[in-house]
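*Asks:* Top to bottom, those sequences are chains A and B.
In terms of my numbering, the first sequence has 291 at position 291, counting the first letter as 1, and numbering is strictly consecutive.
In terms of my numbering, the second sequence has 219 at position 219, counting the first letter as 1, and numbering is strictly consecutive.
Distance windows between CB atoms, simulated:
{"hint": "1", "chain 1": "B", "residue 1": "Val57", "chain 2": "A", "residue 2": "Ser76", "range": "20 to 26 angstroms"}
{"hint": "2", "chain 1": "A", "residue 1": "Ala101", "chain 2": "B", "residue 2": "Gly43", "range": "22 to 28 angstroms"}
{"hint": "3", "chain 1": "A", "residue 1": "Ser76", "chain 2": "B", "residue 2": "Asp349", "range": "58 to 64 angstroms"}
{"hint": "4", "chain 1": "B", "residue 1": "Val57", "chain 2": "A", "residue 2": "Lys225", "range": "50 to 56 angstroms"}
{"hint": "5", "chain 1": "B", "residue 1": "Thr310", "chain 2": "A", "residue 2": "Tyr261", "range": "51 to 57 angstroms"}
{"hint": "6", "chain 1": "B", "residue 1": "Ala312", "chain 2": "A", "residue 2": "Ser76", "range": "31 to 37 angstroms"}
These are computed hints drawn from the structure, not numbers from a lab.
Since this is a predicted model, take the numbers as computed values, not measurements.
From the three backbone atoms N, C-alpha and C, an ideal C-beta is built for every residue, glycine too.
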Amino acid sequence: MALLKTNKVISSLGNLSPSLAALSARNSSWWGGVQMGPPDPILGVSEAFKKDTNPKKMNLGVGAYRDDQGKPFVLSCVRKAEGLLAAKQLDKEYLAIGGLAEFNKSCAKLALGADSEVLKSGRNITVQTISGTGSLRIGANFLSRFHGGPRDVYLPKPSWGNHTPIFKDAGMTLKAYKYYDPSTCGFDFTGALDDISKIPEKSVIMMHACAHNPTGVDPRPEQWKEISDLVKKRDLLVFFDMAYQGFASGDIDKDAWAVRYFIEQGHNIVLSQSFAKNMGLYGERVGGFTVVCNDAEEAKRVESQLKILIRPIYSNPPMNGARIAATILNTPELYSLWLEEVHGMANRIIKMREQLAAGLQKEGSTRNWQHVIDQIGMFCFTGLKPDQVERLTKEFSVYMTKDGRISMAGVTSGNVGYLAQGIHTVTK
Amino acid sequence: MSVFCDVGQAVPVAVFKLTQDFNNDQDPNKVNLGVGAYRTDEGKPWVLPVVKKVEKVIAHDDRLNHEYLPILGLPEFRSSASKIALGEDSPAVQENRVGAVQCLGGTGALKIGAEFLRRFHNGSNNTKTPVYVSSPTWENHNAVFASAGFEDVRSYKYWDAENRGLDLAGFLGDLETCPAHSIFVLHACAHNPTGTDPTQEQWMKIAEVMMRRRLFVFFDSAYQGFASGSLEKDAWAIRYFVSMGFEMFCAQSFSKNFGLYNERVGNLTIVARDPDNLKRVLSQMEKIVRTTWSNPPSQGARLVAITLTTPALFEDWKGNVKTMADRVLLMRAQLQAKLEALGTPGAWDHITQQIGMFSFTGLNPKQVEYMVKERHVYLMASGRINMCGLTTKNIDYVAESIHQTVTSVQ
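Working from the sequences, and respecting the hints, build out all of it.
*Replies:* In structure tokens form, the structure reads like this:
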């Protein structure tokens with residue numbers, strides 16, 4: 001009681017005596033009002049994993065490839081490219097605002113295909129960006145400033161968690177279209193078409209080119225074709241996010257099929273590319289942003305505006321990763337080696353999927369785990385509910401995000417049996 | 001009908017256009033005194049010997065890979081970089097109230113700091129808080145703060161063109177009359193583009209007003225070590241302000257003093273009142289970084305961290321920095337001497353009084369145009385020259401060019 005009375009006295013003192021309040025303001029910090037930011041949902045997983053002492057613990061949160069020993073994998077083509085570059089003794093002069101020209105050209109070629117009409121007519125502008133995030137951010141800023149249509153960006157439901165804050169910070173608003181069907185753990189094709197048919201004209205629609213994150217669920221080619229027709233009818237601006245080219249099926253052309261098809265169909269898309277996963281260049285921050293324009297003259301104007309957007313953020317991009325990527329893409333034997341290694345990474349993931357599904361069956365699970373094999377890319381949307389995820393973490397030290405997403409890259413032949421056991425236990 | 005048919009052609013960034021024009025020029029006597037990058041006496045870029053050494057170390061270390069850095073960057077880079085600015089024995093460091101965000105160059109550090117201030121300084125999302133940049137200043141300062149959402153970027157008096165020095169009275173006057181909580185971008189040393197820094201006594205006066213009027217201190221430190229050749233000397237202003245008890249930001253660039261331009265190595269140092277405030281600030285910085293570039297590039301930061309934390313390499317680096325600073329000082333002395341010997345009209349001691357990479361020659365736009373068109377000597381329209389563009393081979397030609405320009409064009 002006395003304490004309450006004291007508080008009342010203090011607060012009334014504050015009201016009656018402004019000089020006291022001013023005094024405390026002078027002694028306080030600039031940032032007294034700054035709240036603690038919520039922990040990153042994915043990084044939080046890694047933090048907790050680190051603290052766990054269980055020798056059988058598994059980190060299935062982080063979206064970074066691991067080899068069958070659970071170790072980070074530096075591609076041989078990367079090491080070889082680094083050796084070549086070291087011998088060249090290059091200087092460290094600033095790159096252009098739009099980045100390394102050699103990289104930009106080969107980045108576009110990889111996505112669009114060497115014989116793309118877009119490349120031949122020079123009607124694309126491709127700039128080097130700070131990996132996929134940087135590319136999306138520049139794209140979002142560009143749309144925010146120059147897109148004459150509605151400020152809404154339609155994301156598939158669900159989408160990569162960082163898409164939303166990126167577009168928000170760029171001043172766009174977010175909406176969603178149906179995508180994942182939890183009852184089938186597959187693509188909600190009719191739901192997607194239904195939602196897309198209602199999107200206001202000239203809105204921006206975001207699509208994952210392949211290996212959808214977080215669900216691993218991709219449309220089939222016939223489905224992509226229908227989506228393309230509908231999007232054309234609705235006159236929507238398509239923003240492709242391609243973070244896993246080569247990594248999804250193991251074939252870079254197959255993984256870029258949707259992007260190339262849409263362009264052939266006349267969509268002037270915008271495209272974000274990342275080389276974090278498919279070249280293992282995560283921390284070097286290698287990416288590209290492409291705008292497919294009407295013609296080369298328009299591409300020049302767009303380029304000039306992209307530079308104006310980039311300069312006040314970081315002036316010009318980092319050289320190291322882009323040079324490595326450009327060397328790989330433009331040196332025939334390194335390129336072939338890279339294709340092999342990407343294929344190898346994708347294959348290991350596919351094998352783990354098969355082993356996990358088989359393992360679950362062996363455990364005696366009566367649930368349908370076909371989606372584990374059908375889904376594609378690094379991630380698997382297991383279908384686990386939050387309480388099941390919690391049990392999996394608490395009882396088995398298997399760390400994953402609450403939405404039931406696991407990174408297959410964290411699964412090895414050594415631990416897939418243990419994982420099957422854990423998943424079966426919490427779902428039976 | 002394209003969605004982008006209304007996109008206008010933007011004006012190119014001046015300093016890069018200058019280099020482009022220089023590159024296209026066929027004249028054998030051409031000299032590029034534009035872009036702010038160090039050049040050797042042979043006019044070539046210089047990869048620091050210590051950088052070459054450490055690159056080999058990195059290449060041969062099998063424990064290293066290309067995995068993501070944490071959102072805020074490489075921890076050993078952040079702490080060693082902050083210590084470079086604040087001093088190893090800084091009380092603020094001892095008191096655990098110094099934090100940092102590894103960023104993409106000095107630009108990136110300014111950007112992240114600006115984004116934080118726009119969200120959290122002087123209320124919540126207060127885009128109307130005035131941001132003051134010096135008159136003149138680096139041409140990207142304005143754009144960085146505008147791009148972060150600030151609507152009111154103004155200039156504070158700085159350069160006295162008539163007397164070719166600091167307009168201290170004007171500067172202090174702006175500090176006294178600006179709105180409370182205004183943000184001031186201060187050049188820690190080697191002011192760009194004027195090369196004119198406040199003296200220690202002048203800094204003390206500036207700090208007194210800023211403390212009294214509750215103005216926010218945002219240092220831009222792009223030339224530490226490069227200006228005088230001494231890391232400590234070039235950080236004097238930053239350290240003085242810290243000792244005065246300011247909470248502040250300092251954007252550091254390692255582009256020039258490490259010659260790591262295209263690796264984009266920068267650090268936003270944050271000095272807070274206490275560890276708790278620091279913790280909350282860093283948590284919010286993470287949110288900002290996550291939607292801008294997710295996490296920073298590893299190569300350059302690793303290089304700097306290894307150098308700063310290995311005593312022998314640290315000594316090597318300081319030596320390399322002194323080499324660069326000394327060459328600039330030599331060119332300054334020689335240019336002034338030659339102009340005086342030629343009897344070029346005007347006073348030229350500002351060339352040796354100014355500090356760092358740049359000199360504000362005092363040439364007016366018409367004279368600059370003459371220099372570029374008639375003499376093929378490329379410099380910024382402001383009259384700013386990059387001393388690093390001078391070499392023993394071209395300094396006579398440049399001195400003669402200035403002489404001819406000043407006597408032919410008013």
